[in-house]
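> Read off the chains here:
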Amino acid sequence: MKVSSLYEVLLFVLLILLQVLLLSRISLFGLATPVLYGYFLLKLPVGRNPFFVIISAFLMGLIIDIFLNTPGMNAAAITLVAMFRKPLMGLFFEKEEYEDFVPGMNTAAAPFVRFTLFTVFLHLTLLYFIESFTLFNLVNTLLRIITSAVSSILLIIAIDSLIYRRKSGEQS
Amino acid sequence: MRNLFNFIIRNSHWLVAILLVAFSFYLVFAQNAYQRSVYLTSANHVTGWLYTVSGNVSSFFLLKKNNQELMARNAQLEKELHAGIAQIDSLHTDEMIGINAFMPDSANHVQFGFIPAEVVNLSFSGVNNFITINKGRNQGIKPDMGVISQRGVVGVVANVSANFAVVIPVIHSKFRLSARLKHSENYGSLSWDGRNIREAQIQELPRHEMFRKGDTVLTSFSRIFPRNLIIGCVSSIGRSKDDNFNTFNVELATDFYTLQDVLVIDDRFYEEQKALEEMFQQ
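As given, the protein sequences belong to chains A and B, one line each in that order. Using my numbering, the first residue of the first sequence is number 1, and each one after it goes up by one. Using my numbering, the first residue of the second sequence is number 1001, and each one after it goes up by one.
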């Protein structure tokens, strides 16, 4: 329990740094910006206390907002995603799964990919529509959502398979 | 009644989530770039420090290019200096000596000072972009000061903390600046449509205004920037909202992808001009 909570804090900090210092400065073809910090929500155990999930998601969004000078946008989007995390999980994972089952490529690849797809699309749709309240341009917004989501999903799946393959290799 | 309490307790995490989302939306809509708290922007101590560290690392990789640009700028200035000296020499005739007694101290006439600063953070992936620079109130930076780079206009200072300042760049959806083409006196309004960070739009130019590709775009009347600063050059004709006016796409002179060093313009007559103009607006 102790090790896993330390691991969660580390993931929280690393994802914020990665997002703020590297990924938010990328703008592929002037459109796609990978948004990876939602990965934190994907990697929490299935049965984690909803209060913890929602409040940690909000804090993460707020910290990223402070760094990127986008007051409230990331916080609103990620908190909404955290709200719908539980119902979404019910769609993709078996109900009788263990409480501290952690979704991942090594444990349940196909449901994890589907879950990632839905979560990231939800997150980015919310994020870009909240952002475009100030400047409405539907085609451009949709293009940005799709390109950013595809790049984020590819990155998440790649990182997840890399980290956890090595880990399970060590264990066996 | 017990059922109601049970229901509330069972679903209280939804309540918390809704409250947090409401607070976030409050932040989104209450944002006012000029009055926002310093603590919620990248000008605060912790974020400023972190961005300084990462800026130091990335500026190392751009040293060579920046050096070349500085050399080019140096050469340009030296050329102008020599031209200026030559002109002064040609004016130095004997009849000037008598008038010299009336010449006021030239130091009083310097309207613009420049404060060099380094970019410590820059966002360009959204439609509302910001730049954080490493000079603040302690170094004499105030809100509403103009910011330029060696190549052209960058933006306007929005928010100042003790040692950092946040700049709204040209590539921000709310940025407006009056601008004109070099060969004419008609001025239009420069803004950015959020698509391409190399290209802004100049709107509200009269219909008869002609352009050739590559025409220089300069600043016009503005409280913030001196006249005739370079903004960029015209690249193509854009979509216009109104038949009576033209819109041109402007290729920005400043390259926001590699922006490192900027100059903040300290206009010594700013307060005086502002006070005078506001006197008549009341």
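Heads up, some of the hints might be wrong.
Said to hold, decoys possible - Quick look at which bits of chain B chain A covers, simulated, 3 or more residues with Cβ under 8 Å:
#	stretch
1	1115 to 1124
2	1136 to 1142
3	1220 to 1227
To be verified - Over 10 Å on every C-beta distance to chain A, these chain B residues come out as not near it, computed from the model:
#	residue
4	Leu-1050
5	Arg-1176
6	Arg-1239
What the hints assert, rightly or not - Heads up, incomplete: computed chain A residues facing chain B, CB under 8 Å, no partners named:
#	residue
7	Ile-26
8	Ser-27
9	Thr-33
10	Phe-58
11	Pro-71
12	Thr-79
13	Leu-80
14	Met-83
15	Pro-87
16	Phe-129
17	Glu-131
18	Asn-140
If you are wondering where the hints come from, they were derived from the structure by calculation, not from laboratory data. Every residue, glycine too, gets a C-beta built ideally from N, C-alpha and C.
> Of the hints stated earlier, which fail here?
2, 3, 4, 15 and 16
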